[in-house]
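Undergrad: Based on these hints, arrange chain P on the given structure of chain R.
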Amino acid sequence: MDVRSSEPELRALMIAGLDGDATAHRALLEKLSGQLRAYFKGQLNRIGGGAVEGEDLVQEALIAIHTRRHTYDRSQLFTPWVYAIARYKFLDYLRRTKVSAADIPIDEAQELAVHDDSAHVESSLDLKRLLAELSPKARQSIQYVKLDGLSVSEAAARLGMSESAVKVSVHRGLKTLARLIREEKPS
Amino acid sequence: MKTDQLIDMLSTNVEPVQQGRLRKTLVWALVVGGGAAFCVMLATVGLRTGLTDGFLPGYFTLKLLFTLSLIGVGAALLERLMRPGQDGRKLFAFVFLPFIIVVCAGVASLVFGQPMAWGRMIFGMQWATCMLCIPLFAVVPFAALIWALRKGAPTDLTRAGAIAGLVAGALGATAYAFHCPDDSVPFIAIWYGTLVALCGVLGAMVGPRLLRW
Chain R
385 MDVRSSEPEL RALMIAGLDG DATAHRALLE KLSGQLRAYF KGQLNRIGGG AVEGEDLVQE
445 ALIAIHTRRH TYDRSQLFTP WVYAIARYKF LDYLRRTKVS AADIPIDEAQ ELAVHDDSAH
505 VESSLDLKRL LAELSPKARQ SIQYVKLDGL SVSEAAARLG MSESAVKVSV HRGLKTLARL
565 IREEKPS
Chain P
1132 MKTDQLIDML STNVEPVQQG RLRKTLVWAL VVGGGAAFCV MLATVGLRTG LTDGFLPGYF
1192 TLKLLFTLSL IGVGAALLER LMRPGQDGRK LFAFVFLPFI IVVCAGVASL VFGQPMAWGR
1252 MIFGMQWATC MLCIPLFAVV PFAALIWALR KGAPTDLTRA GAIAGLVAGA LGATAYAFHC
1312 PDDSVPFIAI WYGTLVALCG VLGAMVGPRL LRW
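Chains as they are written, first to last, in this note's numbering: chain R, 385 to 571; chain P, 1132 to 1344.
Please note that a few of the clues may not be correct.
Said to hold, decoys possible - List time: in silico DSSO-like cross-link candidates among lysine-lysine, alpha-carbon distance up to 30 Å:
| id | chain 1 | residue 1 | chain 2 | residue 2 |
| --- | --- | --- | --- | --- |
| 1 | P | K1282 | P | K1221 |
| 2 | R | K559 | P | K1155 |
| 3 | R | K521 | R | K551 |
| 4 | R | K551 | P | K1282 |
| 5 | R | K512 | R | K551 |
| 6 | R | K425 | P | K1155 |
| 7 | P | K1133 | R | K551 |
| 8 | R | K521 | P | K1155 |
| 9 | P | K1221 | R | K512 |
| 10 | R | K551 | P | K1221 |
| 11 | R | K512 | R | K559 |
| 12 | R | K559 | P | K1282 |
| 13 | R | K425 | P | K1133 |
| 14 | P | K1155 | R | K512 |
| 15 | R | K559 | R | K425 |
| 16 | R | K551 | R | K425 |
As the list claims (entries may be wrong) - Just so you have them, the derived chain R footprint on chain P, three or more residues with Cβ under 8 Å:
| id | segment |
| --- | --- |
| 17 | 1209-1217 |
| 18 | 1235-1247 |
| 19 | 1279-1289 |
Treat the hints as calculated values from the structure; they're not laboratory data. Glycine included, every Cβ here is placed at the ideal spot set by N, Cα and C.
Chain R extracted, bound-state conformation:
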C-alpha cells in the first residue's frame, strides 16, 4: 500500500468516524490494523519479539486511536498522527520491557503504511478477564453499548443511568482497558 494513495482515503474515513459514522470508523480501524501489524512486526523483528506481542501492540494502538481520536486535528495530515501514536506505543513497550531504545533505529513514517498484513494471530489478551477488572458500571456500559450493540439510551434505561453517564463510563472503561492491556505485558 502506498502512503500517498492511502492518506486522503484514511483521513476521509477518520473525519467521517469523528462525525459519528460507525461504518467509516470500522473501515478505518480495519485498514489501520493491517498497517499497524506490519509496522510492529517490523520493529519487533529487530529485538526478537514475537507475533503475539505484535498483536498485543496492534490492539493497544487501536484502542489508543479510538479513545484519543479527539486529539486529531482535522486540518492536519492523518498519517503522521497515527504514526506518532504507533511509535509512542512501541517506545512505551520498549520502556516496559527494558530494551534500550538507543539500540534500535526507529524507522521513518513511510514504513507504517508500506506493508499490509492479514490478521491470523490472536493476542494474549482475554477480553472477558480484562472486562472483569473494570468497575461494574463501566463493565456493564461497555457490555451493552459496545458488545451487545444496544443504543446508548437503551443501555441508560437498563442501567438506570443518564445517557451522558453511560457515554462517560464507556469512554473511561475503554481507557482503563488500554491501561490493563499495557500492564498485562511482561515487565
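TA: Below, chain P without anything else, positioned relative to chain R:
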C-alpha cells in the same frame, strides 16, 4: 482476543466527537490554574500595598510582559504537544526568547547602573519571599495543566512536562507580580527567570511519570 473482535467492539455505537474539545480543556486548565494562583497569592502574601493607589506601573508591566509572553508561547506549544504528530518544533525556540530578552535587559541595567546599588537591584527587599512564592503559586496551575495534557495524547512526555512546568511557573510568577514590591530589571531577570525556568526543569523531570498513557 482476535483483533477483529476488538474492532467490532470499538466501532459499535460510535459517538461523534465535538470539535475543539481539547482546546477548551486547555483553556479551562489555564483559567482555573491562573485563578487559583491569584487566590493563593491573595490568601498568603496579599496585594502589594500601593498597587491600588497610584504607583509607577512600569516594572509591574515589565513583569507581566515577561510572564504573559511565556504563558502565550507555552500555551500554544501545549496545544500542539498534546496532539500526536505535532511537535511544535518551530515554536519551541520562542520559549527562550523572553528569557534572553529579560537577561540582556538585566545585565544592561546593571552595567549602566551604579555598582553601589547592585546589591539592592539584585536582591531587592524580598528575594526570599519571591523564591518561595513562585513555586508555591505554580502548584495548582501545574496540576491543572497535567490534567489537561492527560486528556490529550502527548507523545513527547519530557517536553510536554517541561512546557507545562514553565507555563505553571509563569502563572505563579504572574500572581506573585501583584504582590512583588521589588522594582528592578535584574531582580526580574534573576528571580523570576530562574524560578520559572526551574519549574520547567521540574516539569520535565516528572512529566514522563505523570503523563504516560
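Undergrad: Failing hints, ascending?
TA: 6, 9, 10, 14, 16, 18
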